[in-house]
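Based on the provided sequences and hints, a complete structural model is requested.
Chains as they are written, first to last, in full-length UniProt numbering: chain U, 1 to 332; chain L, 1 to 332; chain Y, 1 to 332; chain E, 1 to 332.
Don't take every hint at face value.
The list makes no distinction among identical chains, and a pair is therefore deemed to hold if it is satisfied within one copy or across any two copies.
Computed cross-link-like contacts, DSBU-like style, restricted to lysine-lysine with a CA-CA straight-line distance of at most 30 Å [what the hints assert, rightly or not]:
(1) Lys4 - Lys298
(2) Lys258 - Lys298
(3) Lys258 - Lys291
(4) Lys206 - Lys135
(5) Lys96 - Lys258
It is worth saying that the hints were derived from the structure and are not from the lab.
Number of protein chains: 4
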Amino acid sequence: MTDKIYNIALLGAGRIGQVHAANIAAHPLSRLSTVVDPQEGIARQLAEAYGASVRSLEDALSSSDIDAIVIASATSTHADLIERGIRAGKAVFCEKPVDLSISRVNATLEAIKGQENRLFVAFNRRFDPAVAELKRRLDAGVIGDLELVTVVSKDPGALPIDYIKVSGGMFRDMTIHDFDMARFILGEEPVRVTALASTLTDPAIKAEGDIDTASVTLQTASGKIAVITNSRRASFGYDQRVEAHGSLGTLRTENVPKTMLVQEREDGVTREKPLFFFLERYAESYAEEWKEFVRVLKGEVAPAPSGEDGRKALLLAEAAYQSLETGRTIAL
Amino acid sequence: MTDKIYNIALLGAGRIGQVHAANIAAHPLSRLSTVVDPQEGIARQLAEAYGASVRSLEDALSSSDIDAIVIASATSTHADLIERGIRAGKAVFCEKPVDLSISRVNATLEAIKGQENRLFVAFNRRFDPAVAELKRRLDAGVIGDLELVTVVSKDPGALPIDYIKVSGGMFRDMTIHDFDMARFILGEEPVRVTALASTLTDPAIKAEGDIDTASVTLQTASGKIAVITNSRRASFGYDQRVEAHGSLGTLRTENVPKTMLVQEREDGVTREKPLFFFLERYAESYAEEWKEFVRVLKGEVAPAPSGEDGRKALLLAEAAYQSLETGRTIAL
Amino acid sequence: MTDKIYNIALLGAGRIGQVHAANIAAHPLSRLSTVVDPQEGIARQLAEAYGASVRSLEDALSSSDIDAIVIASATSTHADLIERGIRAGKAVFCEKPVDLSISRVNATLEAIKGQENRLFVAFNRRFDPAVAELKRRLDAGVIGDLELVTVVSKDPGALPIDYIKVSGGMFRDMTIHDFDMARFILGEEPVRVTALASTLTDPAIKAEGDIDTASVTLQTASGKIAVITNSRRASFGYDQRVEAHGSLGTLRTENVPKTMLVQEREDGVTREKPLFFFLERYAESYAEEWKEFVRVLKGEVAPAPSGEDGRKALLLAEAAYQSLETGRTIAL
Amino acid sequence: MTDKIYNIALLGAGRIGQVHAANIAAHPLSRLSTVVDPQEGIARQLAEAYGASVRSLEDALSSSDIDAIVIASATSTHADLIERGIRAGKAVFCEKPVDLSISRVNATLEAIKGQENRLFVAFNRRFDPAVAELKRRLDAGVIGDLELVTVVSKDPGALPIDYIKVSGGMFRDMTIHDFDMARFILGEEPVRVTALASTLTDPAIKAEGDIDTASVTLQTASGKIAVITNSRRASFGYDQRVEAHGSLGTLRTENVPKTMLVQEREDGVTREKPLFFFLERYAESYAEEWKEFVRVLKGEVAPAPSGEDGRKALLLAEAAYQSLETGRTIAL
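This is the structure we're talking about:
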């Protein structure tokens with residue numbers, strides 16, 4: 001008997017959609033069946049590369065041969081598409097975030113109540129091989145009891161101000177990944193949040209009322225502490241490090257250099273810079289994430305990260321903003 | 001014409017006093033002239049090793065051939081000895097801290113008003129060669145405008161509970177070094193402080209009402225942020241890292257391994273652990289610190305760190321405790 | 001106008017053939033058209049995965065819609081297939097080596113005289129991203145005049161003795177890659193070769209009269225020196241390092257760890273082992289190598305490595321054996 | 001009962017003599033008693049710094065209160081001073097080499113026959129903490145059976161041609177350290193030697209008939225192989241690495257950076273260069289070497305390296321030259 005091959009409809013044929021398309025095609029148990037995108041040109045191009053068809057959203061959702069949808073469209077469409085996908089009986093893989101508004105997220109999770117086990121929210125960094133191995137060893141007791149988590153997360157450079165304007169603010173757009181990472185590593189819910197933030201890299205960001213440099217500290221009921229430091233700009237590349245400190249030692253991930261070349265000259269011993277672009281840096285994590293989603297489709301595991309994980313990360317972002325505004329440590 | 005040789009009286013012949021004795025003797029412009037210690041045996045032993053004499057405190061302070069005193073006695077004696085040394089016309093090198101009580105520190109600084117340029121407070125870590133080089137490059141603009149400072153500072157292991165009892169609490173005893181480091185790297189005074197802390201490593205510490213795991217975040221008026229993370233226990237050694245992130249890049253110090261040996265086997269690629277004990281890890285910093293103090297004696301530079309630096313670090317410790325107690329970000 | 005898509009016939013559907021199939025499919029300008037393999041089952045399976053057809057060798061060579069053949073079959077078939085492919089007017093991508101016998105290699109190169117620009121010999125390691133970047137910088141003068149090349153090349157573990165028996169001996173089977181690497185980095189032909197070798201890892205290898213541990217030193221007419229060290233067994237993984245030392249400094253490639261995870265405990269600071277298996281370690285090099293071959297197909301570059309490169313590497317292997325046998329430095 | 005303090009006469013108050021003087025003084029069981037140097041000024045200066053006296057060679061040798069002499073004078077005086085020191089009943093610590101001429105070395109060892117246990121030949125690199133730990137682990141079986149040793153040894157830069165002229169040639173002057181290192185790590189005598197060498201860094205060296213770039217390969221009777229690569233110039237610092245490969249893994253020493261500072265910018269991730277000057281790079285090894293000599297004085301251990309070790313290293317240098325001249329692998 002052969003394994004079932006899952007037919008996938010991809011909603012959104014942009015940059016991240018193309019990454020998912022390649023991983024769907026490369027997986028022996030999934031097939032890119034349909035591409036949906038209002039921009040017909042890019043939809044057609046992507047579909048042709050993988051022998052898929054182009055359909056309307058309605059067709060894709062009503063078609064009985066589609067097992068799952070991948071939501072890779074604009075953030076503002078996510079919540080609605082989740083609800084429609086679940087209603088149509090599909091499994092749903094949704095790019096983060098569910099929505100920038102916590103009330104909308106709550107409404108969506110309410111709307112799909114009882115069907116949560118079909119919603120996977122794509123916090124891809126959990127699937128980075130180094131992070132996954134860190135978590136595996138942590139859970140195996142390699143460093144004893146966890147005490148302190150550090151997440152360093154710096155973007156490689158200034159984003160276009162038009163992006164900033166619709167981003168929902170740094171905590172909801174960028175730190176959201178780090179909130180998920182902190183929760184993932186902590187293995188416990190934070191109950192206290194305090195934050196300090198500044199706008200230092202670009203006056204245009206300040207003009208939008210947004211921040212670009214921050215530290216957020218979380219504490220769980222048992223006393224575990226997680227510290228997130230962020231900047232919108234690390235001139236040398238994508239600075240992405242996670243560190244878990246426990247009673248028996250530390251596990252930490254270092255940045256991934258472009259190659260393992262070392263240059264030794266009078267001006268120093270120079271290694272290659274970290275991979276710069278998130279699609280390059282996290283390429284493996286997207287492939288691993290897709291493998292996990294196929295396991296969800298096969299019913300082998302419950303979806304993780306789940307919709308609830310998406311909601312909890314956003315709640316931490318809300319709390320961090322509240323701490324900035326009130327000058328208080330926020331209790332959750 | 002030959003350079004003047006400075007005669008030094010060392011007050012306190014214990015562990016740290018012995019480190020200073022060796023550095024005093026090794027410097028071509030300083031001579032260990034006198035050792036003062038209530039425990040006559042260890043005073044005599046140390047004095048003999050360096051051809052110094054053993055004297056009473058009174059003799060040492062009143063003797064005209066002593067140029068400077070080094071205060072390496074118990075913390076509770078520091079403030080008094082500073083005042084007496086300055087009154088006696090000596091230059092004073094004082095181990096951190098000036099005192100555990102901010103009012104006592106204020107009183108001492110008041111008492112020596114006008115003579116501050118004879119008081120050097122020994123925050124030795126500023127003189128660690130890697131830290132000093134980091135600071136030099138930072139000041140030279142190598143990473144542009146400073147935005148974010150990270151200080152990781154973890155002790156190699158549990159301290160005796162009797163030490164904890166008289167330590168003044170982790171922020172005043174251990175984090176004090178990190179507050180000084182943050183101020184040193186920031187080059188600006190913090191105006192906001194927020195902290196979260198736990199007691200995770202030892203119930204005996206909890207019983208004393210002390211903490212052992214913490215994160216403190218500082219922010220300056222211009223928006224620079226500094227994050228300190230502490231633990232009383234890093235099982236693998238003394239975890240001491242400083243990171244400065246600026247508009248053009250990052251400067252960071254890594255832990256110092258025992259040797260540069262690498263072992264590659266089926267069980268992994270293993271390097272040596274960081275140097276474990278602070279006297280070993282910071283040996284070079286103590287020697288460099290002494291060289292700086294000799295420059296102070298020669299009148300080439302003003303004392304830095306100064307008494308005021310000692311006071312400011314303690315104020316940050318006070319603010320951190322206040323943040324813990326009130327659940328607020330404290331404004332300074 | 002759209003670019004021409006090259007139709008490729010893959011000869012050999014085994015382990016390395018499968019790697020090439022994936023890279024052929026992933027390249028926008030090449031298409032896996034045909035798979036040829038005497039074992040019909042694996043041929044069919046591979047063909048289906050990429051929408052290719054299964055054909056006989058004769059059909060593939062006589063078919064006018066095939067632009068190039070990829071020879072990934074047993075070593076003993078390479079020379080014959082090169083000759084037939086070139087005669088049939090195809091471009092030829094041939095796995096190393098051309099043949100284990102230098103006279104056979106000479107005969108083949110003679111047979112295809114005038115058509116050499118259609119033969120590409122797949123020394124994949126030249127295309128490893130770190131090696132390629134090393135070479136690019138070397139050629140750009142980053143380390144001045146090249147003086148000394150070091151190639152460390154150790155297999156991760158004992159090979160089956162049945163493989164050893166038909167391997168042609170370590171210098172022809174394994175060191176052949178390092179001879180090519182040395183020539184590639186040196187940019188000059190070696191004129192002197194000296195070697196010492198032992199059999200230390202496995203008595204079965206000794207029984208076959210083969211070696212498993214060796215050092216070969218090469219020298220060019222201008223005095224540049226290259227040193228190759230080999231072992232059939234590095235228990236910790238695939239040990240593959242290249243170092244170029246010049247008048248202005250050094251460029252060197254370090255092993256590629258599985259992930260960038262670091263574990264710090266009382267038992268040391270442990271990183272992940274180097275990637276173990278050559279298909280994993282050199283995955284990127286195979287993809288880059290295929291891109292280069294497509295450039296050859298497009299007529300943008302001459303094939304490099306060429307058939308002559310294959311011959312020269314084998315000549316160095318012959319000289320190394322001669323040095324072992326005679327106890328002399330061999331002049332070329 | 002207190003330990004005996006050994007009185008030391010230092011012959012030669014130059015650069016390396018000053019290093020030994022400091023280590024003698026710092027050791028609790030040795031005392032710098034006498035300095036002998038034809039240049040009275042530097043003798044007096046050094047003696048004063050350590051409370052020693054200045055004497056003539058004859059006085060020092062005939063004085064009953066001198067336990068050991070340290071020969072740190074010009075190479076050409078070593079053999080004679082060893083003979084005179086041993087005859088005078090002193091223990092002798094002699095800087096490498098015993099002599100540049102193998103016949104002179106043989107004569108000296110003949111002359112002191114029966115007294116070899118009072119002669120220590122100072123191949124300091126054995127005492128480098130990383131090398132010593134490598135050897136300790138190797139002997140403890142951490143990497144199983146030793147198979148392959150690699151010694152990379154490159155001077156930080158061109159030496160004055162006047163030094164080259166009297167150096168005895170690179171193999172006798174510089175590689176001599178690496179021959180000793182290879183023997184030390186191998187733990188077996190090499191029985192075969194092959195070498196290739198060039199002169200690439202400086203035409204003046206060529207004019208003297210000397211070499212500056214070389215590879216020497218050694219093989220023991222059991223088949224262990226050691227490879228030495230040398231250059232007189234590594235523009236980035238003192239390149240000193242040792243690697244031992246065995247059946248269970250590898251132990252290797254990396255270069256020692258000035259500090260553990262890392263700079264990450266758009267132009268790369270740059271660490272500090274290796275320590276440049278041998279006195280700085282090997283400072284710890286000189287101190288450890290002295291501790292070993294004191295153990296020899298106490299009769300706890302036999303001298304190692306011994307006079308015979310000095311002779312064997314020179315024999316390997318002779319063999320390497322012979323290999324260059326004859327184009328043969330030399331059997332020992």
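**Study point:** Up to 30 Å CA-CA - Lys258 versus Lys96, copy category
**Key:** Answer is both; intra-copy 26 Å and inter-copy 27 Å each pass.
Check your understanding: Given identical chains, is Lys4 near Lys298, meaning Cα to Cα at most 30 Å, within a copy, between copies, both, or neither?
Key -> For Lys4 and Lys298, the Cα distance is within 30 Å only inside one copy (9 Å; across copies 40 Å).
Point to revise | Intra- versus inter-subunit Cα pairing at 30 Å for Lys206 with Lys135 | key: between (36 Å within a copy, 29 Å between copies)
Check your understanding: Quick one: Lys258 to Lys291, C-alpha cut-off 30 Å, is that within a copy, between copies, both, or neither?
Key -> both (25 Å within a copy, 19 Å between copies)
Review point. When no copy is named, should Lys258 and Lys298 be tagged within, between, both, or neither for a Cα gap of at most 30 Å?
Key: Classified as between: cross-chain Cα gap 28 Å, same-chain 35 Å, threshold 30 Å.
Violated hints for the displayed structure: none, as all numbered hints are satisfied.
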